[in-house]
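> Here are the chains, one letter per residue:
Protein chains: 2
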Amino acid sequence: MQALMMNSQLMISSILVHAERNFPETEIVSVTADEPLHRYTYQDFAARSRKLANALEKLGAKFGDRIGTLAWNDYRHLELYYAVSGSGMVCHTINPKLFPDQIAYIIKHAQDKLLFVDVLVMPLLEALKPHLSEVSGFIVMTDKAHMPQTSLENVWCYEELIAEQSDVFTWPHFDENTASSMCYTSGTTGNPKGVVYSHRSTLLHALGGSLPDVTNASTHETIMPVVPMFHVNAWGIPYAGIMAGSKLVLPGPKMADGETLQFLIANEGITYSSGVPTIWLALLDYLDKSKTKVHKLSRVTVGGAACPRSIIERFKAYGTTVVQGWGMTETSPLGTVFCLKRGMEDLSDSELVDLQCKQGRGVFGIEMRIVDENNQELPWDGVAFGALKVRGPWVASGYYGMSQEPGTEGCPVDEHGWFETGDVATIDPNGFMQITDRTKDVIKSGGEWVSSIEIENAALSHPKIAEAAAIGRYHPKWTERPLLVAILAEGVEATASEIIAFLSQTLHKWSLPDDVVFVKELPHTATGKLNKLALRKTFEDYQFPESH
Amino acid sequence: MQALMMNSQLMISSILVHAERNFPETEIVSVTADEPLHRYTYQDFAARSRKLANALEKLGAKFGDRIGTLAWNDYRHLELYYAVSGSGMVCHTINPKLFPDQIAYIIKHAQDKLLFVDVLVMPLLEALKPHLSEVSGFIVMTDKAHMPQTSLENVWCYEELIAEQSDVFTWPHFDENTASSMCYTSGTTGNPKGVVYSHRSTLLHALGGSLPDVTNASTHETIMPVVPMFHVNAWGIPYAGIMAGSKLVLPGPKMADGETLQFLIANEGITYSSGVPTIWLALLDYLDKSKTKVHKLSRVTVGGAACPRSIIERFKAYGTTVVQGWGMTETSPLGTVFCLKRGMEDLSDSELVDLQCKQGRGVFGIEMRIVDENNQELPWDGVAFGALKVRGPWVASGYYGMSQEPGTEGCPVDEHGWFETGDVATIDPNGFMQITDRTKDVIKSGGEWVSSIEIENAALSHPKIAEAAAIGRYHPKWTERPLLVAILAEGVEATASEIIAFLSQTLHKWSLPDDVVFVKELPHTATGKLNKLALRKTFEDYQFPESH
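Taken in order, these protein sequences are the chains called W and X. For the first sequence, the numbering used here begins at 9 and goes up steadily by one. For the second sequence, the numbering used here begins at 9 and goes up steadily by one.
Possibly wrong hints are sitting among the right ones.
Which copy is meant is left open, so a pair is good if it fits within one copy or across any two.
Straight-line Cα separation of at most 20 Å, EDC-like style, residue types lysine to aspartate or glutamate; simulated pairs [stated by the list, open to error]:
id	residue 1	residue 2
1	K349	E28
2	K304	D354
3	K137	D362
4	K452	E462
The hints are simulated quantities; they were obtained by calculation from the structure and are not laboratory data. For clarity, every value in this text was computed on a predicted model and none was experimentally measured.
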């Protein structure tokens, strides 16, 4: 039996309409390449977004067209989020820090019709000119006074373009499963792959992600996304924050600069922020050095990489709670978030930090499970670890231009409809998930799984070790055993047996590396992560010194 | 362009699955007809709901069948919410306090296949026996020891029925627009009309309604819905509370009893509750009389009727904030809720209460507008008042068995897709909506609208007036002018001109009644509201004493 409820499709434009109507006076503050502290209201933002929608139409962009952006976190990028998606086009955010050939590949693969580009990114784009013949126009995100000289053709100035447009535009209504934005994810192998979000997935993610036990986004918050807007839609804050009527602060290109962050947090009264661990290290180091404070900053969401305990403890001293979360480009990204359950109110400080070190509990909307090699579900006992799989309305069903058939090559969804995250994790009885490794990096030894990350963390606590990577290598009896590859700190020497003896104090016997090899450098990916694929290749013919 | 996100349908059963997995130990406490204080966990609740789903199958209920309930707020009713909807059947909650002929009409109209009945409601049902020939079975919501004698046939005992079932049941997945529950609404005219909710509307309502600035439902709350589960799904708390992992307290049949409410609030540590104004009057009177407290009760949501200022002020003295809301059976019910905006932190106490007296701001998901007689939108200036219209994914598109064609007879949606609430309201520049009248009760005088409620409230502040109703009556020059019909307090006398002189101190000249008629009693509806339709009939031939 069909229900008798209105068929109101979930539209990204409805966020803008609601926000303008209910919070016209709320501020959005931006740092941009051409203005140190730009400030306007939701009302201005909504009117300019409508002008931009008219401008897109004028430039010949059509429903379904991909509109690329190469830009930092500021109000113009925010206007693009709403004008492009609101018009039924696809806002394709591109990371300007990728390798140039990856950027060229992504623009071509997505068939971007127009590119909106930050002034700072223009030199990069000019270098790519021969690869951009299919792009019909470039819009430089600045005003006339700051327009750069350029060898590119079909170039417009953002401010000039929208200045001549009407601010009257009626957002169209259409199927909520229409593509709203896309974001390419690049791994260690192969070409970047495009994740395509929908209006529906974006709105459900914003609703589920704003709940009190998730990010608790409210009109009373001042939110600064330090995670870039080209990185999984800045974790959804440009949607959730506007939906709630929060004051938004967009830090522009200087996101890794502790001084800028402290200035914005203190002067704009930021209560909530989010970013990757390295960003917070920069802020904390600046705070320590400058003896400045971040009084109102009640919490920061940390994701993108495991958050070191030290960051949690250092933030605590400044009165800020670290909320660790886990997600992927393919999960919009919200999968898990740190949140205490009722009954956990009396934890000791160190028990609390232990939990903050985990990746958090599953949010409503995301189902998660861990499975063994035979796809059998493992218990939530905090000990068993297996491949992490998730499903839900904001999880990718496949990549752009690749197979959408579950269980087939190129499709990240298994034949039972679960997305394979590529992570290996434990889940404790309270539902706190902890990533222990990547599926492809876990060391499979005698039917047991050994976490390479656990070995690396233990090794890094040795004062003589500067950097370390653990990989599985062939062993005649156990199939694989762990090999530790380490860089020694400057000017020190060590032996393998000395390191192994040290590790035996903290690691289970089964997780102890069989050997340690010292090297001068370790391979890394474009985004700075250890490239274990390359390392395994280097040590392809390695043999353990003795077989026990 | 289609997005590439999982096609995960929004299912009510997903709330149960999430809750059992993440909060197995969380408590649900109930007062029932057969047990003063029943207590179990989410894990028990989920297992019994699966048993009930198997029982429904055994009784021959099929996908899409309507399953009626005549019951109070307790755990068995909660199990029905999830087992019935989760199985793809329609949980049809019926108000046992309606007139018996209305109940018979509703059961017949919905074609209820089975009826689940509280012991206390059995006598009523037996009296209706001749009208229930199409119902294939009656399940008494109790255990064997408390089974009543009955003249009905095909009767089962709830506890016996589920005791023999397996607790293994896999919730089916299906289209989220499938009917999940239904609730009839009865007005002053015509037969009750059935509103049919979907899985989608219910989940979106739970998500949107749980946001920090709406009800802020979190795992740390202990929530007691005092609004009945047959009244718009207890305003959605059985979904939102379980989704959040809150402790739930269900007060059973004694909901209007101040002593029971105080006992539950104090002993179970209730932090948040919701109900109609009369419930809270009963509680406040009991608190005053017994000198007891409600320490942890931080807020109560009040809806269903305008909340008198005195309730807001009396609750404040007990440390509890009143959150007024507005909604209807047709809006699931959440339309507006009191919530301060950022920048309103420094209001004085009386300014704050002034705002709490309004019906609140529109929640994300509900669009609202006020329009004049020509359907032209009116400004949000707090002065202009017009017909209130809403739309959104949890708003009814029509009634069961009636026209679904917007703008036609019997369909509550106008030709532009807006639901006509039947209320007349103002909206202030901050978005706070205030109901000023019902569309059919507003007095249309010389092209202006006069609020009958404003006149009645002013009249009730006169010490000699016990009850009052204002209606529009024919006037040769102004089409209509207000007539006040009043009941005097016992043993006093008054004249029309005395009352009008008093009213002129607070009402605009235009709103002053042209005459006052004193009567011994006023007509009321089944639910206790003034029946102005009947009153207008009584005064059909009334003529104003002089025409000015």
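> If a hint holds in the structure, say so; if it does not, say that too.
Verification of the supplied hints:
no.: 1; hint: K349 with E28; result: between (35 Å within a copy, 13 Å between copies)
no.: 2; hint: K304 with D354; result: between (24 Å within a copy, 18 Å between copies)
no.: 3; hint: K137 with D362; result: neither (50 Å within a copy, 62 Å between copies)
no.: 4; hint: K452 with E462; result: within (14 Å within a copy, 77 Å between copies)
The structure does not agree with numbered hint 3 stated previously, though it agrees with all others.
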